[in-house]
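Engineer: Sequence:
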Amino acid sequence: MTYCAGWKYANSVYLFADTAATKNSPPTTTHSSFGERHDQVRGEHVEESLLKIVALSDGVAVAFAGDVQLATSIIEFLSENLDADVSDLRPLLSSVTTSLGPFSRDRYVGLLLAASDSLGGAQLLYWNTASGLDTSESDYYQIGSLTSYHSALTPQVLSLLARGHLAPDRILSVLTAVVQSYGVHDNLIEQNIGGLIFGLRTYAGQTIWQDDTNYVLYDPQVTSPIWVSAFVRDNVVVVNSSQTNDIRCLANSVSTKSIQAWVDKWQCCIKSHLETDRYRYWVFISMLGKVITVLRRDNLDEKSRYVSLKKTGDGKFDMGISGELMSLLRQPLNDRQDGSLPFRLNFRND
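Number 517 in our numbering belongs to position 6 of the sequence shown; there are no gaps in the numbering.
None of these hints come from the bench; they were simulated from the model. It is possible that some hints are incorrect.
Here are the computed lysine-lysine pairs in the DSSO-like style, where the Cα-Cα straight-line distance is at most 30 Å [said to hold, decoys possible]:
| hint | residue 1 | residue 2 |
| --- | --- | --- |
| 1 | 801 | 814 |
| 2 | 768 | 534 |
| 3 | 782 | 768 |
| 4 | 821 | 768 |
| 5 | 768 | 814 |
| 6 | 768 | 801 |
| 7 | 827 | 801 |
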């Protein structure tokens, strides 16, 4: 399974998903980019290896959970039959059942379809192989295999952020940072979930992937941090981690027909970008408690006031952190015992 969420906010529609895949064959790597062990769960193997969000066209994207092979066939059908007019995609989703069904109960698939148009329209639809198109058309959906404890997280966070009037171009990076912290602290692999949490938004007929992000996992004294870089180029997520000392390119076959052709096109640019610190967001996640600090860099041509990163090779690096940011990172998480969410979120502009 997986974990995906989608929501509408300020004329944008957002999607995010994890990158773990469940399969019969043993994993090709031992750990995810964030250090989660690729374990065997209920007789199957879980490994960070798959992008579960597909950009279908300008302004239209889909996230999926469930049987990967069947989901791929369904998304290919959507891609092939997508009309130029994306103002109402309900007929297209309804035609999936007619054209490809009936579906076996043993091969469940759930889809979240996000769309926007140049006139300001925005649409979020939920469809699954068991019951078809959901007619409630909620402004928020989550699908996949999280327990009720974890699935209660995102709606509460989203509600808090919405009341705070966070800018539409910032809410995705903040929310994925919070969910990523749960992957760091809880063994989500047991729920067939894991790896990088990443997403996109669609607004005014455009599909906009999450900004380039550096994640920093740190111990209480910030003496042995782990960094994970993540960014998207041509619908492929690139992940580079000091934990695993490798580069992972996570794609989907619907939007990326040949990963080798993609590598041939982008490898020089990827290598060059990985040597820079030109990342819009820096997300610091405490490994002791759920303390998340999100730093947004507005001008990448200027030196950051808070942080610097120089990679020295073989997974090693030199990181500089300002005194102000260091003090913020070291503040402990205090449970106020008032029913509030069990984490602290800090946000700074750079």
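Engineer: Taken at face value, is the distance from the CA of residue 814 to the CA of residue 801 at most 30 Å?
Structural biologist: Since the Cα atoms of residue 801 and residue 814 sit roughly 28 Å apart, the hinted pair holds (cutoff 30 Å).
Engineer: Quickly compare the C-alpha distance for residue 782 and residue 768 to 30 Å and report which way the hint goes.
Structural biologist: Judged against 30 Å, a Cα distance of about 22 Å means the pair holds.
Engineer: Are the Cα positions of residue 768 and residue 801 separated by 30 Å at most?
Structural biologist: Judged against 30 Å, a Cα distance of about 39 Å means the pair is violated.
Engineer: Under the criterion that the straight-line Cα-Cα distance not exceed 30 Å, is the pair residue 821, residue 768 satisfied?
Structural biologist: With a Cα-Cα distance of about 34 Å, the restraint between residue 821 and residue 768 is violated, given a limit of 30 Å.
Engineer: Hinted pair, alpha-carbon criterion (30 Å max): residue 768, residue 534. Please report holds or violated.
Structural biologist: 21 Å, holds
Engineer: Does the structure keep residue 827 and residue 801 at a Cα separation of 30 Å or less?
Structural biologist: Given pair residue 827, residue 801 holds - Cα atoms ~25 Å apart, limit 30 Å.
Engineer: Do the alpha carbons of residue 768 and residue 814 lie within 30 Å of each other, as the hint requires?
Structural biologist: 38 Å, violated
Hints 4, 5, 6 from the list above are not met by this structure, while the remaining hints are.
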